[in-house]
Amino acid sequence: MGGICSRKRDQQVLDDDLHTGFSGRYCRSCSTKWSRARSLRSKANHCPGRGTCPSLMDLCINKIREDFHKYNSFSILPRDISQQIFNELVDSHCLTEASLEAFRDCALQDIDLGEYVGVHDGWMDVISSQGLSLLSVDVSGSQVTDNGLRLLKDCSNLQALALNYCDQFSEYGLKYISGLSNLTSLSIRKSSTVKPDGMRAFSNLFNLEKLDLERCSEIHGGFVHLKGLKNLESLNIGCCKCVTDSDMKSISELINLKELQISNSSITDIGITYLRGLEKLTTLNVEGCNITAACFESIHALASLACLNLNRCGLSDDGFEKISGLRSLKRLSLAFNRITDACLVHLKGLTNLEYLNLDSCRIGDDGLSNLTGLTLLKSLVLSDTEIGNSGLRYVSGLNKLEDLNLSFTTVTNHGLERLSGLTHLKSLNLDARQITDTGLANLTSLSGLISLDLFGARISDSGTTYLRSFKNLQSLEICGGGLTDAGIKNIREIVSLTQLNLSQNCNLTDKTLELISGMTALRSLNVSNSRITNEGLRYLKPLKNLRTLTLESCKVTASEIKKLQSTDLPNLISFRPE
Amino acid sequence: MKKEDTVKLISAEGFEFVVDKEAAMVSQTIHNMLTSPGSFAERQHGEVTFPEISTTILEKICQYFYWHLQFASGKETEFPIEPELTLELMMAANYLHT
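Those protein sequences? They're chains A and B, same order as listed.
Per my numbering, numbering through the first sequence is continuous, rising by one, with the last residue being 578.
Per my numbering, numbering through the second sequence is continuous, rising by one, with the last residue being 1098.
There may be inaccurate statements among the hints.
To be verified - Each computed PhoX-like pair below joins lysine-lysine, with the alpha-carbon atoms no more than 25 Å apart:
no., chain 1, residue 1, chain 2, residue 2
1, B, K1075, A, K544
2, A, K544, A, K563
3, A, K330, A, K258
4, A, K489, A, K400
5, A, K563, A, K511
6, B, K1021, A, K541
Claimed, not checked - Computed footprint of chain B on chain A; a stretch qualifies when at least three of its residues, placed anywhere within it, have a C-beta under 8 Å from a C-beta of chain B:
no., segment
7, 63 to 75
8, 298 to 304
Unchecked claim - Listed next, with one range per pair, are the computed distances between beta-carbon atoms:
no., chain 1, residue 1, chain 2, residue 2, range
9, A, C242, B, E1084, 29 to 39 Å
10, B, K1021, A, N72, 34 to 44 Å
11, A, N72, B, E1013, 21 to 31 Å
12, B, H1045, A, V495, 38 to 48 Å
Because the hints were derived from the structure by calculation, they are not lab data.
Each residue gets a CB set at the ideal place from its N, CA and C atoms; glycine is no exception.
Bound conformation, chain A alone (with noise of 0.2 Å):
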C-alpha cells in the first residue's frame, strides 16, 4: 500500500541531464532512442517466471482498465485509490475526455497529463473540480486556451504548474496565473506568449521556488518583474537566445538561486561577472555561451558551485587554473571544447569529482594520468577523444566508476582487459568498430553491468556467448551487422532486458523473433534493416510490456503492426513503420 500512498512532491530532474540542460520529464525533444519511461510503479503481474504474485488491488485495476465505460464515478473511493486509477489510465494511454469525467470531484491531487494526446480546455472542467485538493497540474503539449486556465483560479492550493509547449493560450490565461499564490512550481517551456510585460503576472507568486521558462523567444527585459521572488531557487531560461548580458543583472538579485541554467543565450563575459554575489549557487549551465577564460574570474567567486556545465563554450586551455579552485565540484562538463592535456592538469585537485565530460575535447593518453586522484568518480565520458589502451591504465583504478563510455576512441579488445577490475561499473559504452567477441571476452568480470551499448562494434554470434555474464543487464545495443538468428538464441537468455536494439543485423529473419517471445520483460525492441516479416510478428504476442517497436526497413507494415497493438500490444505506444 505505501505505493499508493506516497507522493512525488519534486519533479527528480536524472542526474544526467544536467550536461544538457533539459530535464528529461517535460522535454519533448529529448532524444528518442528509448521511449520515455512513465510508469515508475513496478508491475508484479508482469514478472516472468516465478514472479510476484498481482495484489488484489493491482488486479482491479487493471480490470477498471478493460472496461472502463462500465464506470460512470470514482468519487465513493479514497482518494488515494481513485489518484492511482487515475495513474493507470494516463500511463496506459486509456484515459479519453468521455472517461475523464468518472473522476470529477474525486480530490485528486496531481493530475499529470504532460504529452497527453487530446487534452484541450473540455478536459479542464473535471481538473478543476478537484478543486482545493490539486497540488499538481502538468498539461504540457495540450490545446488548453485561457479559458480553460480561468477555471484553475479556483484551484488555489495548486503548487506545480506545467503548461510547456502550450501555444492557444494568451497573456491573458498568465493573469489568472498570477492569483495561484501557492505554485512552488512553474513551467512555461517553448511559449512565445510569454513576454517582458505578461512576467509581471509572476511578480505576485512569492511561494515560487522553481521557474522554467526554457526556449521562450521574447521574455529579454521581463526578469525585473522577478525581482521580488525571494523563495526563487531555481531558475531555467536556456536556449532562449534573446536573453542577453543586460538580463542578468536582474537575475543577479535573485540572492537565493542555486541553480541557473543560461544555456545557448546570448549571454556573454559580461553577463556572466553579475552573477558573483550568488552565494547560494550549487549548479551553473552556460552549455553553448559565447563566453571566454575571462568569464573564470567570476565562477571562481562561486564557492558553493557543485555542478559545471561548459560544454561547446569554444573554451582552450586558457585561464583553467581558476576552476581548479572549485573544490566543492562534484560535476563537471567540458564536452566539445578545445582542451587539451594541458588543461586535465588542473583537474587534479577536483578530488570531489563524481562526473566527468570529456566528450570530443582534444585529450589523449597522458592527460589521464591528472585523474588517477579523482577517486570518487563514478561517470567518465571520454567518447570521440584521443585515448586508447595506454590512457585506461590511469581508468583501471577509479574503482568508484559506474558508467564509462569509450565510443569512438581508439581503445581495443586488449585495452579493455585493464577494465575487468572496475566490478561496480553499471554502464558501458563501447560503440566502436575495432571492438569485436574478443574484447568481449574481457569483460565477463563485470557482472553488475545494466547497460551495455556495442552499437558499431563486430560482435558476431559467438562473441554472444560472453554475453550470460551479465545477469542484471537491462539494455543491451549489438548493430554490428555480424549476428545471425544463432547467436540471438544467447541473447534470449538474458530475461532482464528491457531495451534491446538489434538493428542493423541485416541476416536476422523471422526466427528471431521466435527466440525472443520469452523476453517479457522487453519494454523497446529495435530489429530494423532485418529480414523480419510481417509472417514474425505474431511472435510478438507475449510481450505484453512492449511500448516501443521499431521495424524500419523491414519487410513490415504498419497496418499489420497496428492489428498487432489491437490485439495483443496494450503498452504499444510507439512503433514505426507508422
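Here the structure of chain A is known, so what remains is to put chain B in place on it, guided by the hints.
Chain B alone, transformed into the frame defined by chain A:
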C-alpha cells in the same frame, strides 16, 4: 482442519468465513493482527470482525486469498472480478493491504 490452523473472518452482516490461517495471512493487515506481539483479541480468539466489509466482498476476498496461494505455487489462472464489485473490492483491498 485443526482449529489453530484456521481463522474466522466475520463480515459486516455477521456472516462467518472459516479459512486457513495461511490463506488469510495473504493480507498484510490480517497478518499483522495475528502475529504482532501483545494480546490482540484477534490473535487470542482466532477471529477478526470487519464491520466495514460486506459479505459479498468478504467472500470475494477469501477467494482471492486461495487464488493467491495457487498462483504462488505456480498455477497461474485468471482471477475473475465482476465490474459491479470492483470499487468496493478496492476499498477492502486497500484496508486489508492485499
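Hint check results:
{"no.": "1", "hint": "B:K1075 / A:K544", "verdict": "20 Å, holds"}
{"no.": "2", "hint": "A:K544 / A:K563", "verdict": "14 Å, holds"}
{"no.": "3", "hint": "A:K330 / A:K258", "verdict": "15 Å, holds"}
{"no.": "4", "hint": "A:K489 / A:K400", "verdict": "33 Å, violated"}
{"no.": "5", "hint": "A:K563 / A:K511", "verdict": "20 Å, holds"}
{"no.": "6", "hint": "B:K1021 / A:K541", "verdict": "39 Å, violated"}
{"no.": "7", "hint": "63 to 75", "verdict": "holds (count 6)"}
{"no.": "8", "hint": "298 to 304", "verdict": "violated (count 0)"}
{"no.": "9", "hint": "A:C242 / B:E1084: 29 to 39 Å", "verdict": "58 Å, violated"}
{"no.": "10", "hint": "B:K1021 / A:N72: 34 to 44 Å", "verdict": "39 Å, holds"}
{"no.": "11", "hint": "A:N72 / B:E1013: 21 to 31 Å", "verdict": "26 Å, holds"}
{"no.": "12", "hint": "B:H1045 / A:V495: 38 to 48 Å", "verdict": "46 Å, holds"}
Consistency with the previously given hints fails for numbers 4, 6, 8, 9, ordered from lowest to highest.
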